[in-house]
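For reference, the chains in residue letters:
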Amino acid sequence: QKEVEQNSGPLSVPEGAIASLNCTYSDRGSQSFFWYRQYSGKSPELIMFIYSNGDKEDGRFTAQLNKASQYVSLLIRDSQPSDSATYLCAVPSSNDMRFGAGTRLTVKP
Amino acid sequence: NAGVTQTPKFQVLKTGQSMTLQCAQDMNHNSMYWYRQDPGMGLRLIYYSASEGTTDKGEVPNGYNVSRLNKREFSLRLESAAPSQTSVYFCASSDRNGGWEQFFGPGTRLTVL
Chain A
1 QKEVEQNSGP LSVPEGAIAS LNCTYSDRGS QSFFWYRQYS GKSPELIMFI YSNGDKEDGR
61 FTAQLNKASQ YVSLLIRDSQ PSDSATYLCA VPSSNDMRFG AGTRLTVKP
Chain B
1001 NAGVTQTPKF QVLKTGQSMT LQCAQDMNHN SMYWYRQDPG MGLRLIYYSA SEGTTDKGEV
1061 PNGYNVSRLN KREFSLRLES AAPSQTSVYF CASSDRNGGW EQFFGPGTRL TVL
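Residue numbers (the numbering used here), protein chains in the order written: chain A, 1 to 109; chain B, 1001 to 1113.
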C-alpha cells in the first residue's frame, strides 16, 4: 500500500460546482496534512494545511480531516476554470514529506 | 526575493553523460530537497539535506549524488545519465525538516536519450 493515495482523476466539474478531492494515508501517527496545487508545467504551491480533526476553511477551500479513517479531503466551493490543476496531498514522514500522485481537476465553463 | 531558483530549465543528455543541476534559495531555510516527478508517480524524494553540512537519501537515490554547498545551495549530480532518469526535477526548501511547508523551484525538465 502506498503511503499516500489519491484518485488520479481526471475529475471534471462545471463552473460554480463543488469539487471534492480525496486522499488516504497509511501512517496512523501522521499529525499534519498538506494540500498543494500544481498548474500544468509549473511547480507545486501550498494552498492548505490541517492538523486537527474536523474542517478548516480558507476562502473557497475547505480541508477536512478524519484521523480515525485516515482520510483527508479538499473541497473547492464555487469552482472556477482557474482552479483547473493537479492537487497533491502530502503527509510528513520522519524527515521528509510524502506526496500522493495527485488528482487532476478540470473546471468547465 | 527570488525564492527557490533552479538551473538549467531544460536539458537533453545522451546516455552516459554527466551533469549537475543547481538549486539556490534566498529564504534562509535550513532544509532543502530534490524530487523527481514522473507521470502517475507524483513527487518522489531523491535526497534531502536537513541542515547545512548534512545530506540523506530519500526514496529513489540510486544514480544520483548531492552536495550541500552552503546554506543557500544544494546541487544534484547525475554521474552517468540513463534514459530512466528522464523526468522533471524539482528542488524545494523549508524552514525545518519534516512537517513544514516546502517551497518549490520552477523545475528542470531533463531528457536522456
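Think of the hints as simulated: they come from the structure by calculation, not from any bench.
All figures in this text were calculated on a predicted structure; none of them were measured in a lab.
A few of these clues could be false.
[Claimed, not checked] Cut-off 30 Å, straight-line C-alpha distance, at most; resulting in silico cross-link-like pairs (DSS-like, lysine-lysine): (1) Lys42/A / Lys1071/B; (2) Lys42/A / Lys108/A; (3) Lys56/A / Lys1014/B; (4) Lys1071/B / Lys108/A; (5) Lys1071/B / Lys67/A.
[Stated by the list, open to error] A few chain A positions that, by computed beta-carbon distances, are all more than 12 Å from chain B: (6) Gln6; (7) Glu15; (8) Ser32; (9) Pro44; (10) Glu45; (11) Leu46; (12) Lys67; (13) Ser69; (14) Gln70.
Beta carbons: idealized from backbone N, C-alpha and C, even for Gly.
Going straight from one Cα to the other, do Lys56/A and Lys1014/B come out at no more than 30 Å?
Status violated; Cα separation ~48 Å.
key: Distance rule for Glu15/A, whose beta carbon must clear each one in chain B by more than 12 Å   = 27 Å, holds
Report holds if the minimum CB distance from Gln70/A to chain B is greater than 12 Å, and violated otherwise. 16 Å, holds
Checklist line | Given pair status - Lys67/A, Lys1071/B, alpha carbons within 30 Å | finding: 36 Å, violated
> Are all C-beta atoms of chain B more than 12 Å from that of Lys67/A?
Replying inline: Holds, since 15 Å exceeds 12 Å.
(Q) Just to be careful, I want the Cα atoms of Lys42/A and Lys1071/B compared with a cutoff of 30 Å; is the pair within it? (A) Holds: Lys42/A and Lys1071/B sit about 25 Å apart, inside 30 Å.
Report task. Please settle this one: Pro44/A was flagged as non-interface, so is its CB more than 12 Å from every CB on chain B? Result -> 5 Å, violated
Run the C-beta distances from Gln6/A to all of chain B and say if the shortest one exceeds 12 Å.
-> Per Cβ check, Gln6/A is inside 12 Å of chain B; nearest 8 Å; violated.
query: Does the claim that Glu45/A lies off the interface hold, with its Cβ farther than 12 Å from every Cβ of chain B?
result: 7 Å, violated
A cut-off of 12 Å on Cβ-Cβ distance, and Leu46/A was said to be off the interface with chain B. Does that hold?
5 Å, violated
- Task: Sort out whether Lys108/A lies within 30 Å of Lys1071/B, counting only the CA atoms.
- Result: 44 Å, violated
Once the closest CB in chain B is found, is it more than 12 Å from Ser32/A? The claim is violated: Ser32/A sits with its nearest Cβ about 4 Å from chain B, within 12 Å.
Checked against the numbered hints listed earlier, the structure breaks hints 3, 4, 5, 6, 8, 9, 10, 11; every other hint is satisfied.
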